[in-house]
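S.K.: Line order of the protein sequences matches chains A and B.
Numbering follows the working numbering, with no gaps: position 130 of the first sequence is 137.
Numbering follows the working numbering, with no gaps: position 10 of the second sequence is 617.
Since the hints were made in silico from the structure, they are not lab data.
A few of these clues could be false.
[Unchecked claim] The calculated DSS-like cross-link candidates involving lysine-lysine, where the alpha carbons are at most 25 Å apart (straight line), are: (1) A/198 to B/661; (2) B/750 to B/661; (3) B/667 to A/198; (4) A/25 to A/35.
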Amino acid sequence: MLDWIRRLGAGWIQLFEKLGRGHLFLWKTLVGLPSVLVRPRLLLAQLFSVGVLSLMLIAVSGLFVGMVLALQGYNTLVDFSAEESLGVMVALSMVRELGPVVTALLFAGRAGSALTAEIGLMKATEQLSGMEMMAVDPLHRVIAPRFLAGFVSMPLLVAIFSAVGIWGGYFVGVGLLGVDEGAYWAQMQAKVDLHDDVLNGVIKSLVFGFVTTWIAVFEGYDTIPTSEGVSRATTRTVVHSAFAVLALDFVLTALMFGDN
Amino acid sequence: MKQTKTMEMLVGMFVAAGLAALFVLAMQVSNLSSFREEGSYTLIARFDNIGGLKVRSAVKAAGVVVGRVANVDFDNERQEAVVTMRINERYNRFTDDTSAGIYTAGLLGEQYIGLESGGSDEYLVDGSEIDAGLTQSAIVLEKLIGKLVMDKAGGQ
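All chains, full assembly: derive it from the sequences and hints.
M.R.: Given below as structure tokens:
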């Protein structure tokens, strides 16, 4: 019994320790960000592996999500002979919710896990301590460029996802199902607001990019330096990112769209 | 070296594609192009009941969107709704006996304000108020049904 209580307490202490480490880590990373701007080549390499390599996945997923949305939406809307609103439905769902959320989930799976595994392996093979030995701060040299790359890539990926998805909805809705082309775009333009919808989507994507990249690089940096530790850290990245994104999405949606 | 060049180009293309997508979302998908940039002037109208009219609802004349509802307020003194509209300044030929009514687009559609010019020679200017006798409130379906039921009951 006493042992059980002790373990319970230890669990909480570990949780708070990790939370504290995570935030201190974030602070040091943010302080290290200016050093990235001095070496843009490091950022470029990370933008490539985080952004460009995720691009294909994001674009294809966006296309299919948009197509499915149009198909499903059409079947529902046609009963009320409101299929002209298909464009609005696809655009609003993409820009407000699906764009940021699905992109963030895919991003965590594609780029986040790779970041964690890479940094975790660097730690396991003592490359990070090697850098410290040479008086190079790994937070500046390794973590900060990756963090910045994730933060920059995410809004761009979300924008691509949403735009491709809306085109996918257009192909299915207008091309296959015969919704009027003018109505698809005109209703969309009438109902989608630049500030309320598009900008709020961008804000969401910035928040998600920040959080998923933070979780990914921190889990990598904080990993137990064994092969098992790296594998666990990678799993945690995906699980925690998904959890954080979905929970934050609810909070952000309540803040942004709650008042109407 | 060759590889770095390819990478640089791909990153450049990625950033460009992202920015282009943002641009498409802003221009093609949202309503940026309608009234934001152009000048507009304000009209005020008072209604007994505005139904489901909201800020950003359309203001139409002859079915064409000429402006948007900018603000909806309640006049405590006169117990009426005060609706402020922003009208595109290109459409400045509404006479001072213009009537305003709240209509519904379709059976279940959104509500909008319809403006209809009269025969006067004077035009409405920025800040003008539409004559109180010339505004028509929204038709509230429940009231209408209630009235109908009452009439039926009275007739028997």
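S.K.: Could you work out which of the previously given hints the structure breaks and list their numbers from low to high?
M.R.: none
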